[in-house]
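Q: Protein chains in written order, with the numbering used here: chain P, 14 to 362; chain R, 14 to 362.
Keep in mind the hints are simulated off the structure, nothing from the lab. Misleading hints may appear alongside valid ones.
Where chains are identical, the list cannot tell them apart; a pair therefore holds if satisfied intra-copy or between any two copies.
[To be verified] Okay, derived cross-link-like pairs now, SDA-like style, lysine to any residue, Cα gap no bigger than 20 Å in a straight line:
#1 Lys132 <-> Gly185
#2 Lys128 <-> Met86
#3 Lys202 <-> Ala89
#4 Lys347 <-> Leu62
#5 Lys132 <-> Thr80
#6 Lys128 <-> Ala274
#7 Lys128 <-> Thr190
#8 Lys132 <-> Gly316
#9 Lys128 <-> Arg208
#10 Lys87 <-> Ala64
#11 Lys128 <-> Arg288
#12 Lys87 <-> Glu199
#13 Lys202 <-> Glu96
Protein chains: 2
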Amino acid sequence: MSASHTLAIDAMGGDHAPQSVVAGLALAAERHPNMRYVLVGDEARLTPLLARHRRAAEKCTLAHAQTVVGPDMKVAQALRLRESSLRRAIDLVAEGQAAGAVSAGNTGAIMAIAKLVLKTVPGIDRPAIAAIGPSARGDIVMLDLGANLECDARNLVEFAIMGDAFARAVLGLTSPTLGLLNVGSEEQKGVESLRQAAELLRASFLAPQFTGFVEGHDIAAGTTDIVVSDGFSGNVALKTGEGALRLMADLLRQVFQTDLASRIGYLLARPGLERLREWLDPRRYNGAVLLGLNGVVVKSHGGTDEEGFAAAVSVAADMIDHRFDRLIRAGLEKRGHAVSASPRSAVAG
Amino acid sequence: MSASHTLAIDAMGGDHAPQSVVAGLALAAERHPNMRYVLVGDEARLTPLLARHRRAAEKCTLAHAQTVVGPDMKVAQALRLRESSLRRAIDLVAEGQAAGAVSAGNTGAIMAIAKLVLKTVPGIDRPAIAAIGPSARGDIVMLDLGANLECDARNLVEFAIMGDAFARAVLGLTSPTLGLLNVGSEEQKGVESLRQAAELLRASFLAPQFTGFVEGHDIAAGTTDIVVSDGFSGNVALKTGEGALRLMADLLRQVFQTDLASRIGYLLARPGLERLREWLDPRRYNGAVLLGLNGVVVKSHGGTDEEGFAAAVSVAADMIDHRFDRLIRAGLEKRGHAVSASPRSAVAG
């Protein structure tokens, strides 16, 4: 089993674990035949579940973990739980037995344990959370989505470097365009850290990809492939956009149930409406990635089903397949001087 | 002509001025028969335009202004243009000849001139921009939408007081619920200023209306009637939500043009789809309000048509009709001690 193509899966995290995790893993295993998996959790429960998925079982080993980090468990308590399925999965990455870990568990615990155990990549000050979302011009990458509520210019530049590597690895783009989220597109707009970050980016190797400031409406428009922001506004933007799409979907459902004519109208337009629904399906975009650590860490939505969990595993598999680790290191090398200018990254290195 | 029910209208601001302004004013005049208007701009151009709308003309006087603040004019330059239609309209409010002003012109200039000429209400540190938007549970109020990119706890509390008065005046709510926009709903979430603001609100007269922190998806869900935020994240949320709704509307349009069956499907479901479109029509929500000044100031979108401009005039008329000025003063009085604790508001008073 090649550790470089192995994913550690926390089988016990999430609302429907371990059933949806094992079923999702089985789906993902079909899509990524070159990957192997270590399923971490309660062996007695996992053995019969895995037995239902013969083909996936061939790619899987089980690793027993006695405890589970609960969904409402405080981070400090989760950190003390060293035999939890989450902790063991991330430990496997740190020990070099897996290249990444996927969990649908407690977000705060995943972030804290991953940061503690895996440490940041030399040259990265703070890890960021990234995700993929739909836009009028295809899928886009957004980061940070909440790991860092307040950011300085340097953090934003590092997010841009990580977002670039992520878009290359997962969206397969060769030169993704990049925008900084602001309240206006003019150069003088926004807060100081944003203006500084824009200046740094214009002077960096990312300059040809950097289009300047983008605004909230540019996210759904897909104006740039990557939208970089501080974690507060990124989190607000992601959830507001999701909420607006959900509102529209709910209202449409009501419209098509108004009367018989509307119901027939729905049936006639159904193929297109189904495609639209599938395209906007939140499960397709499941998988928030903690970028900037020594290893791939993907957090699945806790309430998702097997399709959603499979999508999260796919993101991790794509990052590993397309050597996200090398891409990010290449970006940091191109940045050059700034790496050595950072005392914290020197320590981390 | 009662100055307390008079609106000064900048006839020359906006992409389609003065035609769309005069036509929009005519629409609004029918909806608010108790209001009077002073139309400020180039008399030679306005006289024939107004002549087309006999009923509105009866409610209107013209006030000549020689110059116009251009859409791209720098704020400093706009401030020097003391005979502009925008400046004259706001001067009329300061002089007590009108209770409010409406303009579709340059946002930066409107804000700067309004703040300079009208000054803040005693007890308000910084004015905020508010607007009304759609949600699953009816219209909601969002503020700040960009006047203050960085805010402290006190600013946020003042936004809550102003948002409360605005929701009472314009949405007609007697006890609007209130949420603070954050990255999570738990008490310990977010940045310090938000946690402090939450604490202040829980100890204030707004406590019965304050539901705590809300997240991005709560905006479209209509979890609270008022969403208070700093101007940066409010601006990002507003534009991201609008962008997501627009994406969905564009995709739907494509779906219904796929083939003959889809076209017929559209026709069958059309009444409901049209109602949905009208309900989400951005023109219906046109009119961003600068709250916290001594006078009502409404900024219409520059690119809107007469329907949109009429909506902006309606917001101003509703604020005047329902005595927004008294509502905000009542709120500030209930806050009590905090007013006198503020050196800046003492100066403003």
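Q: Please go over all the hints and tell whether each is borne out by the structure.
A: Verification of the hints:
no., hint, result
1, Lys132 <-> Gly185, "neither (26 Å within a copy, 53 Å between copies)"
2, Lys128 <-> Met86, "within (17 Å within a copy, 48 Å between copies)"
3, Lys202 <-> Ala89, "between (40 Å within a copy, 16 Å between copies)"
4, Lys347 <-> Leu62, "neither (47 Å within a copy, 61 Å between copies)"
5, Lys132 <-> Thr80, "neither (23 Å within a copy, 61 Å between copies)"
6, Lys128 <-> Ala274, "neither (56 Å within a copy, 53 Å between copies)"
7, Lys128 <-> Thr190, "neither (28 Å within a copy, 38 Å between copies)"
8, Lys132 <-> Gly316, "neither (28 Å within a copy, 50 Å between copies)"
9, Lys128 <-> Arg208, "neither (29 Å within a copy, 25 Å between copies)"
10, Lys87 <-> Ala64, "neither (34 Å within a copy, 70 Å between copies)"
11, Lys128 <-> Arg288, "neither (39 Å within a copy, 50 Å between copies)"
12, Lys87 <-> Glu199, "between (42 Å within a copy, 12 Å between copies)"
13, Lys202 <-> Glu96, "neither (49 Å within a copy, 28 Å between copies)"
Comparing the model with each numbered hint stated earlier shows that hints 1, 4, 5, 6, 7, 8, 9, 10, 11 and 13 do not hold.
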